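Heads up: the protein sequence lines correspond to chains A and B, in order.
So for the first sequence, the numbering used here puts the first residue at 78; every next one is plus one.
So for the second sequence, the numbering used here puts the first residue at 4; every next one is plus one.
Think of the hints as simulated: they come from the structure by calculation, not from any bench.
Note that this is a predicted model, so its numbers are computed, not measured.
Careful, some of the hints might be misleading.
To be verified - For lysine to aspartate or glutamate, the following EDC-like pairs were computed, each having C-alpha atoms within a straight-line distance of at most 16 Å:
(1) B:K81 - A:D199
(2) B:K81 - A:D212
(3) B:K103 - A:E124
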Amino acid sequence: MTTTQTIPTLVPDFGDETNRKICFICSKGTLDMAYPALIMANAALSEGVECHLFFTFWGMDMINKKTMDDLKFTILGNPAAHMWMGLGGVPGMTAMATQQMKKRIADLGVPEVPEFLQLLADSGAHLWACKMSVDMMGLTKEDMFDEVEDIINAADFIEVADGAQVIFI
Amino acid sequence: MTVTTVANRDVHVDHEGFLTEYTEWDESLAVELAKAIGIDELSEDHWRTIKFLREDYVTQGETPTLRRVSVVGGIPTKLLFTLFPSKPAKKMAYVAGLPKPVGCV
């Protein structure tokens with residue numbers, strides 16, 4: 078038997094007054110390690126949470142115009158691929174694994190990295206590039222995805238992250 | 004089952020207040036749902052979004068995500084954040100009388 082409960086006024090609590098803030102440090106440049114921050118940042122933004130992404134070391138590949146559309150996935154050294162490890166060293170294997178992963182991601186309706194970053198920027202995310210990585214790799218602001226706000230140093234990031242939940246990937 | 008009253012009308016809702024019966028919604032109800040969450044007036048862009056959501060729900064069987072509304076519905080993400088501030092995915096679903104979207108992206 079189904080019982081019916083009557084509540085005079087029931088409006089979802091959207092918690093608009095949130096002052097929550099979240100920062101992702103993106104330090105990896107492989108395809109599989111790019112997505113966790115992108116997906117969680119997107120979820121945070123749609124929940125009205127202030128969101129920052131700080132790209133450092135290999136994570137620079139995610140915002141470097143030359144590499145951002147060409148991130149790769151390899152089974153080499155990755156036991157979670159559940160394949161014979163030596164297979165990863167076979168020429169063409171990384172390209173094949175990358176293509177497979179990209180297809181699976183696209184099948185879920187999830188965009189590729191550049192489009193995803195644009196989606197985050199349109200949703201209000203702040204994208205920052207790490208000064209030391211930029212210097213180390215000989216990059217300039219012009220080499221980077223247009224939505225990157227600025228190149229900041231570690232101390233600037235600590236300021237940005239004031240009061241935030243910080244997730245290192 | 005939970006029943007609540009919106010503009011003197013009884014409607015079925017889930018535990019949070021999202022409508023559960025597709026057919027209990029109409030445009031006059033949308034106006035009241037919007038007011039209840041602080042959107043005092045529904046513009047043409049609001050209606051365009053709401054109509055896309057309801058039509059897409061019928062064909063896909065689930066509430067579209069923000070990206071789907073932008074890519075398939077042609078309503079830019081930035082605009083969605085203006086129309087339904089802070090939490091556009093959930094707010095537009097609520098006004099359109101649909102469940103919360105379940106997709107991640």
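So, going through the hints one by one against the coordinates:
For a cut-off of 16 Å, the pair hint linking B:K81 to A:D199 stands: about 5 Å separates their Cα positions. A distance of roughly 33 Å separates the Cα atoms of B:K81 and A:D212; the hinted pair therefore is violated under the 16 Å criterion. Under the criterion of a C-alpha separation no larger than 16 Å, the hint pairing B:K103 with A:E124 is consistent with the structure, at around 12 Å.
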